[in-house]
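From first to last, the protein sequence lines are chains R and S.
The first sequence begins at 10 in the numbering used here and counts up by one.
The second sequence begins at 287 in the numbering used here and counts up by one.
Among the clues, some could well be false.
Unchecked claim - Some chain S residues judged to face chain R by a derived CB distance under 7 Å, without partners named: (1) Ala335; (2) Leu426; (3) Arg429; (4) Pro515; (5) Leu516.
Honestly, the hints are just simulated from the structure, not real lab data.
All C-beta atoms in this analysis are idealised placements derived from N, C-alpha and C, irrespective of residue type, glycine included.
Listed here are the chains, written in short residue letters.
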Amino acid sequence: MFVTISPKRLRREFVRKIKELSGQNLQLCYQCGMCSGNCPAASNMDISPRRIIELARLGLEEEIANSKTVWICASCLACTVNCPRGFDLSKVMEAIRLLTLRKNIDHVRPEDISPQERCELPQIAMVSGLRKFTG
Amino acid sequence: MSLAYYPGCTLKTKARNLEEPAVASMEVLGFKLDEVPRWNCCGAVYSLAEDDLIHQVAPVRNLIRAKEQGNDELVTLCAFCFNTLKRANLLMKEDAEKRNTLNSFMSEEVDYSGEVKVVHLLEVLRDDIGWEALAQKVKLPLRGLKAAPYYGCTLLRPREIAIDSIENPTILAEFLKALGASPVDFPESTRCCGSYQVISSPDDISEYARPILNSALSHGVEALVLTCPLCDYNLAWGQKELMKKQSGFTGIPLFYFTQLLAIALGLGPQVCHFELNYGSPESLLRERNLLS
């Protein structure tokens with residue numbers, strides 16, 4: 010993926026909010042790709058976990074907002090425990106999701122889950138899914 | 287001996303086949319799992335955002351319930367609840383500012399600062415009972431059963447709350463050995479099953495399950511041994527889909543570790559609620575003369 014980097018495209022407020030919500034120092038990452046290599050869902054993602062960090066610190070809000078990556082992340086923490094820099098990517102993924110969800114834009118509508126599925130799903134699936142995908 | 291116990295919502299409904307064999311087995315082993323009074327939903331997932339303290343209230347209230355009863359340990363069984371409660375406990379122990387905010391917010395409760403130790407039932411079996419003592423209680427050894435531990439995510443990640451080595455966990459294999467089974471090691475035993483993605487992308491769940499199940503099958507695994515109701519749901523759902531998509535895919539019976547514990551202790555199928563399992567895993571046990 011080709012991206013244009015320029016001061017004009019840098020969304021400082023976006024970077025500040027990600028840092029504040031995640032508590033992570035985005036500059037820690039040295040782009041080794043252990044996160045992408047260990048992610049069980051990376052092949053479904055349009056932007057790899059490693060690139061999400063790079064785009065986030067460059068303030069490229071639009072690229073991240075148009076990507077489905079953060080909605081595919083299952084917070085399994087395979088990235089977190091394998092990062093040689095002690096960077097917790099799961100918290101950055103959460104911060105990016107929350108920037109959307111807190112605008113009252115839900116990723117999942119409970120009413121779209123069929124009554125049969127609602128009946129069959131274990132409670133931890135419903136509670137965790139709705140916690141992660143609704144504001 | 288009585289142990290303070292937090293069951294969580296799923297174990298009271300969909301996963302009675304995880305809880306009931308555990309309660310019965312622990313009685314045989316001399317322990318009573320004593321539910322903490324007025325427990326509430328733990329929230330299922332730990333809040334990852336720095337400013338999201340309101341979602342810490344639910345798990346911390348459960349820890350306070352345990353403290354009020356004079357307990358210094360709280361036993362959990364659901365892998366999701368274990369993760370959420372243990373991480374919330376760590377936050378209360380280590381982050382003074384957030385601890386003060388949460389204690390002030392819950393002014394009707396006693397102050398809490400992480401005094402209760404959150405443990406998983408597997409840790410009780412390993413650390414309080416011990417594998418040798420457990421093996422001595424076995425009445426019906428699961429001889430020759432090639433069962434593979436499937437750990438999933440939440441008992442092992444993040445590192446600070448792991449019940450065993452995150453790279454090379456052995457706790458479930460040691461447990462199975464104590465029951466007389468022949469545990470099989472396979473490389474995808476800690477790979478994520480897709481978790482709550484089943485809510486937003488149910489069609490992708492079989493693709494999460496595929497590498498796990500294929501790897502297990504290629505290692506000669508006869509049954510997977512689980513600790514988490516969501517892993518159970520996703521691996522069952524994934525199998526159903528893979529039967530349609532992948533020619534020659536045979537599927538693998540799924541058991542909760544507590545069901546195998548109850549069978550090995552001679553409690554019989556009546557406490558195991560196999561009717562709640564996917565497929566009919568008990569037929570494998572019947573083949574091995576492990577069911578009366």
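Can you list which hints this structure breaks, lowest number first? Structure breaks hints 2, 3.
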